[in-house]
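K.L.:
What follows is the residue order along each chain.
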Amino acid sequence: MSLQIILNGIATGSVYALIATGFALIFNVLKFSNFSHGATMTACAFISYFLVADKGLGLFPTLLAAGAAGAVVALFGEFVGFRRILKNHSSATYFFVSSITLGTLYEGLVTIRVGSNFFNFPSFFNKPTIGIGSLVISTTDVMMFIISVAVLLVLAFVIQNTRLGRALRAVSFDRDTAQLMGINSTRMIQSAFVISGVLAGIAGVFLGIKYTLYPSLGSLVVKGFIASVIGGLGSLPGAIAGAFLLGILETVLLSLLGSGYSTIATFAVMLLFLLIRPQGIAGSNVQEKA
Amino acid sequence: MALLEVKNIHKSFGGVKAIQDFSIEADAGEIHGIIGPNGAGKTTIFNTISGVYTADSGEVYLNGTQITKLEQYKITRLGMGRTFQNIRLFQGLTVQENVMCAFDPQSRYTVLGGLLPTPKRLAEEKRGKELCEKYLEIVGMKDYLKERPENLSYGMQRRIEIARALMCEPKTLLLDEPAAGLNPTEVGELTELIRRVSKQIGFAILLIEHRLELVMSISDLIHVQNFGKTIAVGTPDEVRQNQEVIEAYLGKED
Chain A
1 MSLQIILNGI ATGSVYALIA TGFALIFNVL KFSNFSHGAT MTACAFISYF
51 LVADKGLGLF PTLLAAGAAG AVVALFGEFV GFRRILKNHS SATYFFVSSI
101 TLGTLYEGLV TIRVGSNFFN FPSFFNKPTI GIGSLVISTT DVMMFIISVA
151 VLLVLAFVIQ NTRLGRALRA VSFDRDTAQL MGINSTRMIQ SAFVISGVLA
201 GIAGVFLGIK YTLYPSLGSL VVKGFIASVI GGLGSLPGAI AGAFLLGILE
251 TVLLSLLGSG YSTIATFAVM LLFLLIRPQG IAGSNVQEKA
Chain B
1 MALLEVKNIH KSFGGVKAIQ DFSIEADAGE IHGIIGPNGA GKTTIFNTIS
51 GVYTADSGEV YLNGTQITKL EQYKITRLGM GRTFQNIRLF QGLTVQENVM
101 CAFDPQSRYT VLGGLLPTPK RLAEEKRGKE LCEKYLEIVG MKDYLKERPE
151 NLSYGMQRRI EIARALMCEP KTLLLDEPAA GLNPTEVGEL TELIRRVSKQ
201 IGFAILLIEH RLELVMSISD LIHVQNFGKT IAVGTPDEVR QNQEVIEAYL
251 GKED
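So the protein lines, in turn, are chains A and B. The numbers in the working numbering rise by one with no breaks, and the one at position 284 of the first sequence is 284. The numbers in the working numbering rise by one with no breaks, and the one at position 39 of the second sequence is 39.
Simulated from the structure, these hints should not be mistaken for lab results. The structure displayed is predicted, hence computed values, not measured ones. Just to be clear, a hint being listed does not mean it is correct.
[Said to hold, decoys possible] Straight line, CA to CA, 35 Å or less: simulated DSBU-like cross-link-like pairs of lysine-lysine: (1) A:31 <-> B:69; (2) B:74 <-> B:199; (3) A:55 <-> B:120; (4) A:87 <-> B:146; (5) A:87 <-> B:229; (6) B:7 <-> A:87; (7) B:199 <-> A:31; (8) A:31 <-> B:126; (9) B:199 <-> A:87; (10) A:31 <-> B:171; (11) A:31 <-> B:142; (12) B:7 <-> A:31; (13) A:31 <-> B:229; (14) B:7 <-> B:17; (15) B:129 <-> B:17; (16) B:229 <-> B:142.
Excised from the complex, chain A in its bound form:
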């Protein structure tokens, strides 16, 4: 197994980690999987493509625009799709329906704007690859890895050490009790959506760069979903570990089996995890309330 393949896997894994944490964050707070996450990624990638990247403004402005778009789209989704359901303490089934509907809506809107064409982000770097000894790594991969890790580190700091993070964790464990301790749960849920939206925006741009930009790009959210299942639904460190594991596994399988079988093998791994260790790597703390 060459080091080259592992490195590619790590770069892919870092993008999956962004998706998986965005996914896990919402799962944590609301105890449901937000299936509109993928379409949010696509929408943000396209918004930033047309607003920024198309005008040749470089990678960082593009990421900023995508992150901002993500925050707005996620807030919109929270308000339109989830607020009422939350207030009524309705069953999780409604979140499921609501999030799928929202996702379809976003994807439809994107398709109306761009048709089913493929778009390419302009190449952001003069030197497409960096050579270290015999290794050749694409500059995009390196940047993707660095930026993703930086974003995840900031997120980890916020969750572990700030007032916002503490309140988010409290709301994740028990929304009602948190309210009675003076925490504005609605505001916290909005914050979770904003963070998740920003992560979705950044991930969307990276996916667009790595593959191409097309309206159903968001279906790659499945990778984030698999990663968070492997890691343990709702656990952020688990999601990140799962994402890197998945990224590496995928590239390794790709080089061994080719693209057809590697996809099947990936899903097989997820099924195996569900069979043997359904609580995931982290053994997550998602439990039924007494």
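Starting from the known structure of chain A, arrange chain B on it as the hints suggest.
P.N.:
For chain B alone, coordinates are given in the frame of chain A:
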């Protein structure tokens, strides 16, 4: 006006009248016991006062402010602390973090301060940590800052819940069966603790409890509930003599 004033609240769930015409006036330093058989609507009273439910009619005032229809977190911020019948600490957060959660809404710093360690934020965090330690010391749990509550005994968890409620800087403290599941020694310590905080901090305490020896020994006034109605109000001695109360608890003599 008293610190907490509840005026003729009613609350029904479908056909069940959980609270019928409940009123209470509690002032700083007072302890009010609420007793009654299971299903008498005691916890519903707490839930209605603290905003989990909205009263169908009637009014609730906290320190002169009408709070009847306010959202829960706003009521808490105005000075309502409470604990729960079944302990509801945040599992997965340390003891310190649990208590700090209740302080965070009061700490004043800006969005910028949330991201950067500005002097103001550092000062606020320090104030929060000190308060946290102070209240944990009062309940005798100061040595367990970094522990996870789920690893501690039931009695200890109850104390942490009280510390968390104190951290809300309450003007009124609602204690929902604080002695449930405690052994006799722990009940004794708890009685002592409630008495102490009532004197030391000076707020109104409402106490729901089944352990009569606890309620009777520390309450200034006792409200007896049965099937949603208040059947007696009085000092512990008066209540003990009350025929209707004895019937509610022991059944009628034929």
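K.L.:
For every hint, state whether the structure bears it out.
P.N.:
Going down the list of hints, with the structure as the test:
no. : hint            : verdict
1   : A:31 <-> B:69   : holds, 28 Å
2   : B:74 <-> B:199  : holds, 26 Å
3   : A:55 <-> B:120  : violated, 41 Å
4   : A:87 <-> B:146  : holds, 34 Å
5   : A:87 <-> B:229  : holds, 30 Å
6   : B:7 <-> A:87    : holds, 27 Å
7   : B:199 <-> A:31  : violated, 42 Å
8   : A:31 <-> B:126  : holds, 33 Å
9   : B:199 <-> A:87  : violated, 39 Å
10  : A:31 <-> B:171  : holds, 34 Å
11  : A:31 <-> B:142  : holds, 33 Å
12  : B:7 <-> A:31    : violated, 38 Å
13  : A:31 <-> B:229  : violated, 38 Å
14  : B:7 <-> B:17    : holds, 17 Å
15  : B:129 <-> B:17  : violated, 44 Å
16  : B:229 <-> B:142 : violated, 41 Å
Of the numbered hints stated above, those contradicted by the structure are hints 3, 7, 9, 12, 13, 15 and 16, listed in ascending order.
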